[in-house]
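Q: Model the full structure from these sequences, guided by the hints.
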Amino acid sequence: MTSQSQGIHQLLQAEKRAKDKLEEAKKRKARRLRQAKEEAMAEIDQYRMQIDQEFRQKQAEIMGSQSNVSEEIEAQALGKIKELRRSYSSSMESVISQMLSIVCDVKPEIHANYRVAN
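The number in our numbering is simply the position in the sequence shown, starting from 1, with 55 added.
Careful, some of the hints might be misleading.
Stated by the list, open to error - In the BS3-like style, the derived pairs of lysine-lysine whose C-alpha atoms are separated by at most 30 angstroms in a straight line are: (1) Lys-92 to Lys-82; (2) Lys-92 to Lys-81; (3) Lys-71 to Lys-84; (4) Lys-71 to Lys-82; (5) Lys-74 to Lys-84; (6) Lys-74 to Lys-92; (7) Lys-76 to Lys-92; (8) Lys-81 to Lys-71.
As the list claims (entries may be wrong) - What follows is a list of derived Cβ distance ranges for each label pair: (9) Lys-82 to Ser-58: 29 to 37 angstroms; (10) Ala-97 to Leu-67: 43 to 51 angstroms; (11) Gln-112 to Leu-77: 30 to 38 angstroms.
It should be emphasised that the hints constitute simulated quantities derived from the structure, not laboratory data.
Cβ atoms here follow ideal geometry from the backbone N, Cα and C, with glycine treated the same way.
A: Now the structure itself:
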């Protein structure tokens with residue numbers, strides 16, 4: 056009987072060792088999953104920061120180019136204003152003298168359709 060109890064005892068010990076190994080494997084798997092999740096989150100954060108940095112860089116380029124365009128437009132507008140003022144000041148005297156000559160230098164003439172009534 057001792058051999059039977061000894062065999063049962065060995066089986067129980069083997070079962071206990073198997074159960075311990077199984078528990079240890081479950082713990083290792085949980086640790087690996089946790090570690091993989093942490094690594095994935097770190098990688099996601101790194102990727103997010105990289106994309107955010109690229110976005111901010113492109114945004115700065117675009118905003119910079121927009122300000123350059125607005126500066127160019129403003130410079131063109133100022134140039135046109137200066138050109139118009141110069142043209143106005145140079146043409147003003149001649150236009151006024153032409154208008155005065157048209158208004159003041161009236162040459163009375165009889166209209167071609169006028170008939171003298173008898």
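Q: Would you list, in rising numerical order, the hints stated earlier that this structure does not obey?
A: 11
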